[in-house]
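First to last, the sequence lines map onto chains A and B.
Mapping to our numbering: the first sequence position 44 is 44, numbers consecutive.
Numbers given in our numbering equal positions in the second sequence, counted from 1, plus 1000.
Just so you know, the hints here were simulated from the structure itself, not pulled from any lab data.
These numbers come from a predicted model, not from an experiment.
Heads up, a few of these hints could be off.
[Unchecked claim] In silico contact screen, one side only, chain B against chain A (beta carbon under 8 Å); selected entries:
| no. | residue |
| --- | --- |
| 1 | F1017 |
| 2 | Y1036 |
| 3 | E1090 |
| 4 | P1104 |
| 5 | W1107 |
| 6 | T1112 |
| 7 | D1114 |
| 8 | A1118 |
| 9 | A1151 |
| 10 | L1155 |
| 11 | Q1159 |
| 12 | G1160 |
| 13 | E1182 |
| 14 | A1186 |
For every residue, glycine included, the Cβ atom is placed at its ideal position computed from N, Cα and C.
Okay, here's what each chain looks like letter by letter:
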Amino acid sequence: MLKEVPREEVTRLITLFEAAGAVRVGADVLQPADTLLDLYGEEIRARAYVTTDPLRGELMLRPDFTVPVVQAHMAQGQEPARYCYAGTVFRMQEEDTGRPSEFEQVGFELFDRGDRARADAEVFSLMSQCLEGRGLRAAIGDIGLLSAAVAGLSTSEKRRAALMRHLWRPRRFKALLDRFGGRTKVPASRAALLARLAEESAEKVLAGAGVEIGKRRPEEVLARMAALQADAAEPPIPEAELELLDDLLAVRASPVDALEHLRDLAVDMPGLGPALDTFAARLDALADAGVELEALAFEGSFGRTLLEYYDGFVFGFFAPQRPDLPAVASGGRYDALCRVLGQGREIPAVGAVIRPALLAELEGA
Amino acid sequence: MLKLGVPSKGRLMDKTFDWFGARGVGLKRTGSEREYAGAVEGVEGCELHLLSAGEIPAALADGRIHLGVTGTDLVREKIAGWEQRIEELEPLGFGQANLIIAVPACWADVDTLDDLDAAAAAFRATHGHRLRIATKYHRLIREFLRQNGVADYALVDSQGATEGTVKNETAEAVADITSSGETLRANHLKILADGLVHRSQATLFRARGGDWGEAERASLAALKGKLGI
């Protein structure tokens, strides 16, 4: 069945985005798979259609526009720059959830080295203006607060890095945190290895393990054994800090109440301070842009289950009467993604997408 | 007509014929050794279709056959949301094999998925590419690793001689079917302590979709009676 593209919504949104200063850009439907795989990892294969081209190798039907827009911006960009786009994106559905595997996306991206709080507020308020009167509710979060909280834990650099790496995988994050905090025991085989290493040299343990094979070198095995020994000597993360992190993740309040609560938490975790200042500056900028803060819901863990992509401000607009629908619009700041794509070049960016078909569906209901 | 799909060659076919035969249901090829059709003796209105074992899951999912014998691993790998489309009737007690994740035995520091994840992070930082796992079970392995929070790996396709990929340095680890673990050991690999992804065996399945008329239902009831399931 050929679905009707909600043309009126698309035109309306593009007109609003252009009026906000955006240049309309396009992107190929077929994108090189390696860039996306490198960014998102193997998990993207479960969500994107991969195909093979005899000349160009593995290609993906674009799962979003962000990556090609960032690349185009880096190739040509003046700054600050605003872009908008509209087109179909493709998402494979591995379970039969009834969700479409191709749908329209209309998006806006802002690249600006200036005041980040203002840039965040500009994108958010533009989205809320576009969605006004549709009865949607907005939720916001801040991945920057979570990373600051992890960075502020009193434990080894390696443990903090391991936690940071799994920020977007809540279950694994929790399991690591529980172990680093001494809430769960070290796996039996790890304990056995550590006991052996206490009695004989790492070289001897390695020599007894088997024939050297594969690309991972013996030095790498030795280095990790040394890291395991160092980690075993590390004291557990204090219970108070674990509770603080649990508390932060569980916050659900209006942004102003959340800020107050988080300031209380920061008394025991001073590392949160700068991230809270950023958060507070963003709230001020939002208020200045005419956003009604009381209507927003702040959620401590918002944005954690998305692709690891956003690393600061995150937000979504939802239809409260239709909890079965995904976010009608979503967006956030993705400086880290640009850093990876820019190979070291810093390009602060914030953007958002709207799904016009969902808007049209809500209108029709 | 109730269509029963059975693997068309090898031990899996022989054992399936034996299993049904022992319960008074004779499965037979009709015509020559090369013909992929057959008969079911002892049950009215049931016919035998000899298919490649790998095609049976899709034939069941589409309802092209009513019943089929294949491994539980293939059904899970090939059919998304398989439980909505296929029902497990009876495990047959043969064709047992475990889908496992194995790494070089010389990785003295790696014994669990937690270790694998940490090793993958370090490997990527050192070598500039993700730690590669060779397999033909892409969906099952990706889902298993996702649930267990392993990151920084890449699956590379291997349709055969998977255990050799580590020595050839086309992969750092493997995810494959094994029954005794003999081939893994011979290739200097070890199974992760928590690396059992799925315990597979030959199983009789029923298609939920397809053409289920009164005659097919009656034949199924008769067959189930004979088989004692």
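Quiz item: Is the interface hint for B:F1017 satisfied, with its Cβ closer than 8 Å to some Cβ of chain A?
Solution: Since the shortest Cβ distance to chain A is 35 Å, the answer is violated.
Quiz item: Do the numbers back the hint for B:D1114, that is, is its least Cβ distance to chain A under 8 Å?
Solution: It holds, given that the least Cβ distance between B:D1114 and chain A is near 6 Å, below 8 Å.
Practice problem: Hold the hint about B:T1112 up to the distance rule: shortest CB distance to chain A must be less than 8 Å. | Solution: holds, 5 Å
Self-check item: Minimum beta-carbon distance criterion (8 Å), B:W1107 to chain A
Solution: holds, 6 Å
Practice problem: Grab the minimum C-beta distance from B:Y1036 to chain A and call the hint holds if it beats 8 Å, violated otherwise. | Solution: violated, 31 Å
Practice problem: Under 8 Å, Cβ to Cβ, is where B:A1151 needs to be relative to chain A, so tell me if that hint holds or is violated. | Solution: holds, 6 Å
Quiz item: Measuring from the C-beta of B:E1182 to each C-beta in chain A, is the shortest one below 8 Å?
Solution: Check failed: Cβ of B:E1182 comes no nearer than 15 Å to chain A, outside 8 Å.
Practice problem: So, B:E1090 near chain A? Judge it on the closest CB pair being under 8 Å. | Solution: violated, 26 Å
Quiz prompt | Interface hint status, B:Q1159 versus chain A (Cβ within 8 Å) | solution = violated, 15 Å
Quiz item: Regarding the hint that B:L1155 lies at the interface with chain A, is the smallest CB-CB distance below 8 Å?
Solution: holds, 6 Å
Exercise. Would you settle whether the hint for B:P1104 is holds or violated, based on the nearest Cβ-Cβ distance to chain A being less than 8 Å?
Key: holds, 5 Å
Quiz prompt | Per-residue hint verdict: B:A1186, partner chain A, C-beta under 8 Å | solution = Interface hint status for B:A1186: violated (11 Å vs cutoff 8 Å).
Hint compliance for this structure: hints 1, 2, 3, 11, 12, 13 and 14 are broken, all remaining hints hold.
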